[in-house]
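Enquirer: The primary structure of each chain is shown beneath.
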Amino acid sequence: ILNVEQSPQSLHVQEGDSTNFTCSFPSSNFYALHWYRWETAKSPEALFVMTLNGDEKKKGRISATLNTKEGYSYLYIKGSQPEDSATYLCASGTSYDKVIFGPGTSLSVIP
Amino acid sequence: DAMVIQNPRYQVTQFGKPVTLSCSQTLNHNVMYWYQQKSSQAPKLLFHYYDKDFNNEADTPDNFQSRRPNTSFCFLDIRSPGLGDAAMYLCATSPRLAETDTQYFGPGTRLTVL
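For the protein sequence lines, the chains are A and B, in the order given. Counting from 2, one number per residue, gives the positions in the first sequence under the working numbering. Counting from 1087, one number per residue, gives the positions in the second sequence under the working numbering.
Chain A extracted, bound-state conformation (with noise of 0.2 Å):
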């Protein structure tokens, strides 16, 4: 069974503040590793899906970077603003043709 691990669980910080979490996952049969963002009561929606070891990614005043080799991923907010509070998650995908998601961040930025 894989296991896609995320860290923290949940993150409070002031508006203005920049902030980063990690997603680690098996490096073994390593595809993919996708971050989507997940606002109450909406849909969830991909950020970024990475495959190369050294990838980064960057969306405005989020980017990710990814390390296949030690298997881990980190997404960074700069400035973060109250529209950024969602749940964070990361998804690995593997050889077995799946996606295995991660439990998720979940960031509350306070105005």
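For the record, the hints were derived by calculation from the structure and aren't laboratory data. Check the hints yourself; a few may be wrong.
To be verified - Using C-beta positions, here's what the derived DEER-type ranges look like:
| # | chain 1 | residue 1 | chain 2 | residue 2 | range |
| --- | --- | --- | --- | --- | --- |
| 1 | B | 1127 | A | 55 | 28 to 36 Å |
| 2 | B | 1148 | A | 13 | 39 to 47 Å |
| 3 | A | 43 | B | 1101 | 25 to 33 Å |
| 4 | A | 53 | B | 1101 | 43 to 51 Å |
What the hints assert, rightly or not - Lysine to aspartate or glutamate pairs mimicking EDC-like chemistry, simulated, CA-CA at most 20 Å apart:
| # | chain 1 | residue 1 | chain 2 | residue 2 |
| --- | --- | --- | --- | --- |
| 5 | A | 99 | B | 1139 |
| 6 | A | 43 | A | 84 |
| 7 | B | 1124 | B | 1145 |
| 8 | A | 99 | A | 6 |
| 9 | B | 1130 | A | 6 |
| 10 | A | 99 | B | 1187 |
| 11 | A | 79 | A | 18 |
| 12 | B | 1124 | A | 6 |
| 13 | A | 60 | B | 1187 |
These numbers were taken from a predicted model, which means no experiment stands behind them. Using N, Cα and C, we set each Cβ at its ideal position, and we do this for glycine too.
Starting from the known structure of chain A, arrange chain B on it as the hints suggest.
Expert: Below, chain B without anything else, positioned relative to chain A:
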């Protein structure tokens, strides 16, 4: 806008009373997934359809069934809900069954079992 729609958003049922959750998509994707997410846990894949081919996860209880009458619709049937089945149920779609494909999610159905 192309999207994934789930109905109802909130469902309350009684212990043992069958319930059906529905999902529809306008993306014309081949793959549709059902996930179960319990509080603070990872979404857990129950099953998926690739076109009409049904694929059940090995640890999905027999109490859970699914139907996909056409490309656009997929249903989750819980034959005899137990208290442990209370959860958020997410439907998702993707163009292909590929680890690199983004999944497109509906907003989920929150199931309460009394």
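Enquirer: Each hint needs a verdict: does it hold in this structure or not?
Expert: Here is how each hint holds up against the structure:
1. B/1127 to A/55: 28 to 36 Å: The hint (28 to 36 Å, Cβ to Cβ) holds, given that residue 1127 of chain B and residue 55 of chain A are roughly 31 Å apart.
2. B/1148 to A/13: 39 to 47 Å: Check passed, 42 Å falls within 39 to 47 Å.
3. A/43 to B/1101: 25 to 33 Å: Holds: the Cβ-Cβ distance is about 30 Å, inside 25 to 33 Å.
4. A/53 to B/1101: 43 to 51 Å: Check passed, 49 Å falls within 43 to 51 Å.
5. A/99 to B/1139: The given pair, whose Cα atoms are some 15 Å apart, holds under the 20 Å limit.
6. A/43 to A/84: Holds. Residue 43 of chain A to residue 84 of chain A sits at ~13 Å (cutoff 20 Å).
7. B/1124 to B/1145: holds (16 Å)
8. A/99 to A/6: holds (16 Å)
9. B/1130 to A/6: The given pair, whose Cα atoms are some 13 Å apart, holds under the 20 Å limit.
10. A/99 to B/1187: Holds, at about 10 Å.
11. A/79 to A/18: holds (7 Å)
12. B/1124 to A/6: holds (16 Å)
13. A/60 to B/1187: holds (18 Å)
Of the numbered hints listed earlier, not one is contradicted by the structure.
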